[in-house]
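A.B. asks: As a plain string of letters, each chain reads:
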Amino acid sequence: MIPYLSLITFIPLLGAIIILFLPNDKAIKQFAIAWSIIPLVLATVAWATLSSWAPPYNFVYNACGVTIDSASAGYTFGECAPWISTLGIQYHLGADGLSMPLIWLTTLLTTLGLFYSAKVIQNRVKEFFALFLLLEVGMLGVFVSLDLFLFYVFWEIGLVPMYFLIGIWGHDTDRPQYAAIKFFMYTLAGSVFMLLGIIALYLYSSPNTFDMTLLAANQANMPFSKDVLISSLAFLGFFLAFSIKMPLFPFHTWLPDAHTAAPTAGSVILAGILLKLGGYGFFRILLPIFPQVSQQWAFWIGVLAVISIVYGALVAMAQTDFKRLVAYSSVNHMGFVILGFAAAAALTAEQMQNPHYINNGASAINGAVLAMFSHGVITGGLFFLVGMLYERTHTRELALFGGFGSQIPVYGALLLLTSFASLGLPGLAGFVGEFMVMNGAYSTLTLLAFIAVWGIVFTAAYFLWKIIQKILLGNVSEQWAKLPDLKGYEILTLAPLAVLMFAIGLFPNWILDTINTASIAILEYMKRM
Amino acid sequence: MVQNFTLFIPLLPFLAFAIIVLLTRNNNRLSALVAILSIVAALMLSYGVFLEALSEGAELAANPFYGAPIAWMPFGGMTINFGWYVDPIGAAMLFMVPTVCLMIFIYSTAYMRHNHVDEHGHPHAEDDPRYARFFAYISLFTAMMLLLVVSSNLLQFFIAWEVMGFCSYALIGFWSFRGRKEHHIDDAQVGRARGAAIKAFLTTRVGDILFMTGMILLLITLGSLDFNKMYDPAAMNNMLAGLAQPLPGVEWPVVIALLIFGGTIAKSAQFPLHIWLPDAMEGPTPVSALIHAATMVSAGIFLIIRAYPLLEFAQQTSGPAMQIVAFVGAFTALFAATIGLAQNDIKRVLAFSTISQLGYMLAALGIGAFVSGSFHLLTHAFFKALLFLGAGAVIHSIGTNDMFKMGGLIRKMPITGITFFVGAFALMGIFPLSGFWSKDEILLDAMREGFYPHAGMSQDLFLQIIYLMLAIAAFLTALYTGRQLFLTFLGKPRDQAAYDHAHESPVAMWAPLAVLATFTVFLGFWNTPFAPAFFHFVGEGGFMGLPPFEHSEFDPIALTNMLVSTGIALSGFAVAWGLYGFRPIQAGQPDPLARLGFVWKILVNKYWLDELYGYKINLDGTAQPGLLIRLVGAFMRLCAWFDRNVVDGLVNLAGWLSRILARLWGWVDTHIVDGLVNATASVTGEIAEWWRTMQTGNVQNYALMAMVGAMAIAILFLLRSFT
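Taken in sequence, the protein lines are chains P and B. FYI, in our numbering the residues of the first sequence are 1 to 529. FYI, in our numbering the residues of the second sequence are 1 to 723.
Simulated from the structure, these hints should not be mistaken for lab results. Hints should not be assumed to be uniformly reliable.
Stated by the list, open to error - In silico lysine-lysine, DSBU-like type, Cα no more than 30 Å apart, as pairs: (1) B:492 to B:405; (2) P:470 to B:405; (3) P:487 to P:470; (4) P:470 to P:482; (5) B:601 to P:487; (6) B:181 to B:616; (7) P:470 to B:492; (8) B:601 to B:405; (9) B:405 to B:229; (10) P:487 to P:26; (11) P:482 to B:181; (12) B:616 to B:601.
Said to hold, decoys possible - Ranges between beta-carbon positions, derived for each pair: (13) B:659 to P:27: 40 to 48 Å; (14) P:173 to B:607: 43 to 51 Å; (15) B:652 to P:208: 36 to 44 Å; (16) B:187 to P:120: 31 to 39 Å; (17) B:125 to P:171: 48 to 56 Å; (18) B:658 to P:14: 34 to 42 Å; (19) P:489 to B:5: 35 to 43 Å; (20) B:608 to P:475: 42 to 50 Å; (21) P:489 to B:652: 20 to 28 Å; (22) P:475 to B:5: 44 to 52 Å; (23) P:208 to B:681: 52 to 60 Å; (24) P:120 to B:659: 32 to 40 Å; (25) B:632 to P:171: 57 to 65 Å.
Ideal Cβ placement from N, Cα and C applies to all residues, glycine included.
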């Protein structure tokens with residue numbers, strides 16, 4: 001069997017090393033783009049293979065001494081090798097419907113980011129492209145790891161290249177060093193708590209293990225789940241790390257600074273993938289391994305989610321800088337992901353017996369995961385659009401724009417499309433996830449859901465008022481009379497994202513089928529609490 | 001078996017949209033051709049389905065055309081499927097929507113060319129700079145309306161509904177931006193269009209939120225959004241089982257029904273969310289016709305038609321859902337009619353009449369007059385499209401919307417004038433035009449139920465009030481429509497330059513008017529009290545699992561009602577004649593109704609609702625947000641301040657504190673930790689210095705020290721043994 005996941009994860013690392021020996025900038029750029037297509041193709045093949053195994057499964061997952069029958073998990077592509085045997089740490093990889101779409105999105109956005117950067121990055125090219133591929137390794141590693149220690153290592157690996165991307169290639173006016181350090185320290189502070197959580201899980205499991213699949217499958221019999229204090233503290237450690245990464249209110253303020261300072265492709269990856277690491281953790285670790293604690297805190301996490309949604313939208317609305325506004329829109333949108341988590345977590349043991357509630361719980365998880373995927377596509381697109389406008393005007397001040405709808409119509413059309421996708425227009429990608437999350441949330445957290453739903457109005461308001469109206473509508477001033485429309489490579493960068501917005505919005509079935517298998521498995525684990 | 005191709009009906013105009021956007025957007029003629037060909041194809045297919053439905057007759061209601069082959073949204077063990085659902089009223093919509101839309105498309109080919117005079121004084125007609133884009137948008141708009149009509153599922157319906165919201169945003173704001181060479185619009189127009197578009201989208205979005213909430217709650221309680229299952233009485237009855245009440249004493253069905261009705265309130269511009277629709281007039285006139293007749297606002301009514309069994313069920317089991325619908329409708333019918341009296345913009349008068357007529361339909365549905373309400377939806381679509389397109393022809397010809405700058409135009413534009421009269425008389429409800437038959441049925445149902453109760457039932461005060469409100473609204477409708485006719489087409493020209501400029505429209509514009517006028521004249525005969533064919537088709541087949549509606553014979557009550565409603569219409573028109581026709585208004589003369597004083601001021605300002613919770617858009621393109629929006633704005637600034645200074649402030653404080661701590665640590669490290677190390681070293685040195693002196697190399701000294709040591713140990717042992 002082909003070790004898909006190892007190949008996908010480490011081919012970029014090999015690429016980064018090769019880049020160090022390449023002679024000139026042009027060769028580096030061409031090589032990096034071409035090389036990054038390899039994991040994209042592999043991920044596509046892997047996903048296609050996974051969905052060809054759509055239920056009813058006819059396989060049993062068997063790796064690392066873990067055997068999980070098809071009824072309760074959709075893992076596949078398992079790989080296993082001993083690593084630090086004295087501590088039982090293994091090199092254990094695997095993917096399922098939860099991680100596969102995110103893996104694929106990572107490889108796609110990396111290729112697009114490299115393609116776009118090839119045109120706009122002119123200084124320290126070698127470092128940029130090598131670091132970018134290294135960043136991809138870190139992110140992919142998080143999604144494929146099934147061992148907590150391995151997960152942690154990859155989690156930290158991703159931080160370093162991003163730190164340099166922001167600090168070195170950031171715009172001088174945006175205090176890149178401050179933003180980079182803030183991003184690094186804040187995330188690191190969260191990871192330290194996660195490390196404590198990981199150690200606690202190891203010490204309070206029997207047999208002692210770092211294996212996520214074992215911890216999830218047997219959590220009901222593990223010592224930590226019987227010790228309220230330990231499981232709550234471990235939960236809190238993970239929760240802090242993931243909430244900071246997401247980011248969830250009130251841990252979100254590193255985000256606008258980091259986004260604003262980062263170079264365009266960096267912002268795309270930051271919003272498109274790095275935030276999802278947190279969301280992924282919520283569903284991969286918190287929900288299956290800590291179902292009781294999740295259930296206990298579901299309401300309050302839901303409250304934070306609702307604050308993120310409504311407050312994030314209002315603060316976004318108040319921004320005057322295009323890029324900061326888009327950054328805050330992420331806070332707003334990630335709130336829905338957490339609300340989906342809270343809605344599924346809130347299922348009581350009694351409700352777990354009712355298939356109706358289980359379906360709605362699956363709806364919440366499906367919605368949250370799809371919302372992450374769509375947000376990566378849409379906000380990735382938005383950050384590209386921000387960058388493209390900045391390259392032309394050298395400002396991001398919304399008040400200085402206007403009338404671009406007639407001046408640069410192709411840009412206008414794509415901005416219109418992406419904005420409406422982001423504000424959740426049905427028929428485009430953003431809506432499906434939001435709807436499914438709301439469906440789940442209404443069935444368990446009705447009141448919170450009813451507050452959250454008003455965030456949608458505010459979201460629409462800031463997109464229409466601040467982005468479309470300020471940039472596209474009105475008259476063109478003389479200052480911008482010569483503004484050129486999008487060039488071929490820019491359209492080519494955005495085209496795959498635009499296609500995805502339609503593909504998900506019009507027929508979400510192809511991606512939901514994959515995610516749904518994982519949601520059912522997660523709910524199956526939760527039932528065992 | 002045309003029914004199996006039902007989904008191609010919306011697909012065709014959608015393909016036109018895609019083709020125009022991707023391929024032909026730089027070719028105006030070709031784009032218009034693509035759009036029109038697609039709508040003609042969709043129309044033929046629609047007629048095919050419609051005829052097939054007619055041949056099924058009343059049987060269709062019990063066994064509608066249905067198929068749901070598209071798996072769309074799986075979650076857990078459930079999947080929501082999309083497909084098509086055509087019942088009698090849906091079939092009737094499939095006849096109306098493409099017909100009206102085709103007329104609007106043809107009309108637009110000419111309307112979207114603008115006349116202008118070049119620097120040499122030669123008149124020119126040239127295409128709007130975004131001509132192709134216009135056809136792309138109206139194709140998408142039509143596609144979504146058709147998708148909504150044939151939807152088999154409420155979620156599918158909702159998607160079409162929302163995309164229509166986007167289309168209306170894009171089309172109302174069609175002139176909200178302009179390039180440097182576009183002279184057919186001015187800055188004020190740009191400003192107004194910009195405000196109107198955002199106002200329309202956000203106001204309807206408020207309703208959409210309520211609709212979506214209701215829909216999700218329905219999905220949770222009913223377990224399905226499929227129309228086929230939604231109308232299953234057994235499933236409806238299960239709705240109540242095993243669920244906690246949302247609030248003490250309140251049951252789910254009424255909550256859900258009213259939340260869904262919230263969607264209609266916004267989309268069909270009912271009080272209090274009607275505020276967006278008058279401003280929506282800033283779009284090009286064909287858009288107004290599209291929004292106000294065939295598509296967007298009809299969608300709201302069609303939602304209530306689709307949700308009718310739910311409303312009925314809620315009314316019977318848990319609360320006055322139907323009565324609330326009826327009251328909101330009747331109130332809006334009256335309320336909007338009063339404002340319509342005080343408008344001077346030819347399109348705004350029509351806008352308020354639309355709001356008012358939609359109120360009629362809702363009132364009808366709310367009092368259980370399902371068939372009459374549905375029928376009025378159809379007839380209204382034709383005559384309102386006719387009126388808007390007629391108004392557009394006038395605007396296109398003389399270049400202003402202000403009725404006080406018009407007058408006597410029928411002499412210059414006879415075809416437009418005559419067709420406009422047909423539409424206006426239909427709106428007033430003059431015999432024998434279609435509006436007469438459909439409106440008359442609504443009033444008849446209210447009158448019969450309210451004043452002539454069935455044996456054993458008392459008179460119903462609620463229905464009497466509804467009837468009175470609708471009757472007064474009918475009077476006002478005749479009054480403001482008469483005012484419009486006298487100011488626009490009759491009397492003397494008040495702006496001679498504009499009048500001289502006026503001319504009859506090109507054939508592409510007047511031909512659609514003629515077609516719509518023909519339908520306006522004859523459509524009413526589909527459902528007269530003597531031969532209610534429409535009623536037999538729609539109402540008698542046990543609609544959606546409900547018992548069949550019963551149609552009363554033509555009796556003295558029906559005759560009385562006919563006479564009364566004709567009298568009301570004629571008296572309204574007579575008052576209009578007395579005020580505006582008897583002595584035609586001269587240029588500069590104030591409106592005779594301005595003598596109403598404060599009441600007039602209220603009407604002119606539309607009850608100051610824009611100032612309260614809306615967004616007031618002025619003629620010069622500026623706008624003032626209402627009180628509510630300003631409060632939200634203040635709250636927004638507070639949040640931003642809080643975020644910058646408190647949330648991020650704490651983060652920076654933590655960072656600052658750690659830096660201070662680090663510095664403190666540094667000091668401690670240099671001066672204390674390191675100091676201690678150094679101190680240890682020097683102390684050791686000192687001790688060593690002193691100790692060195694012990695090493696004398698003298699054996700006697702060592703023996704002495706060994707002695708002393710041994711003695712000390714001995715003493716220690718002795719001391720221990722004593723204690």
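A.B. asks: Per the hint of 43 to 51 Å, is the separation of the Cβ atoms of residue 173 of chain P and residue 607 of chain B within bounds?
C.D. replies: This hint holds: roughly 50 Å between Cβ atoms.
A.B. asks: Is the gap between the beta carbons of residue 120 of chain P and residue 659 of chain B within 32 to 40 Å?
C.D. replies: holds, 34 Å
A.B. asks: Hint check: residue 482 of chain P vs residue 181 of chain B, CA-CA at most 30 Å. Holds or violated?
C.D. replies: Holds, because 14 Å separates the two Cα atoms, which is no more than 30 Å.
A.B. asks: Do the alpha carbons of residue 470 of chain P and residue 405 of chain B lie within 30 Å of each other, as the hint requires?
C.D. replies: Cα-Cα ~35 Å, so violated.
A.B. asks: Checking one constraint from the list: CA of residue 616 of chain B to CA of residue 601 of chain B, max 30 Å. Satisfied?
C.D. replies: holds, 16 Å
A.B. asks: Between residue 489 of chain P and residue 5 of chain B, does the beta-carbon spacing fit 35 to 43 Å?
C.D. replies: holds, 42 Å
A.B. asks: Evaluate the given range 20 to 28 Å for the C-beta pair formed by residue 489 of chain P and residue 652 of chain B.
C.D. replies: Because 39 Å falls outside the window, the suggested range is violated.
A.B. asks: Could you say whether the range 36 to 44 Å given as a hint is met by the Cβ separation of residue 652 of chain B and residue 208 of chain P?
C.D. replies: Cβ of residue 652 of chain B to Cβ of residue 208 of chain P: about 41 Å, so the range 36 to 44 Å holds.
A.B. asks: Within 30 Å, alpha carbon to alpha carbon, are residue 601 of chain B and residue 405 of chain B?
C.D. replies: holds, 21 Å
A.B. asks: Taking 42 to 50 Å as the hint, is the beta-carbon distance of residue 608 of chain B and residue 475 of chain P inside that range?
C.D. replies: Given a distance of about 31 Å, which is not inside 42 to 50 Å, the answer is violated.
A.B. asks: Are residue 181 of chain B and residue 616 of chain B close enough, with their CA atoms no more than 30 Å apart?
C.D. replies: Satisfied, since the Cα-Cα distance of roughly 29 Å is no more than 30 Å.
A.B. asks: Return holds or violated for the Cβ distance of residue 125 of chain B and residue 171 of chain P against the range 48 to 56 Å.
C.D. replies: holds, 49 Å
Taken one by one, the earlier hints fail for this structure at numbers 2, 5, 7, 9, 20, 21, 23 and 25, listed in ascending order.
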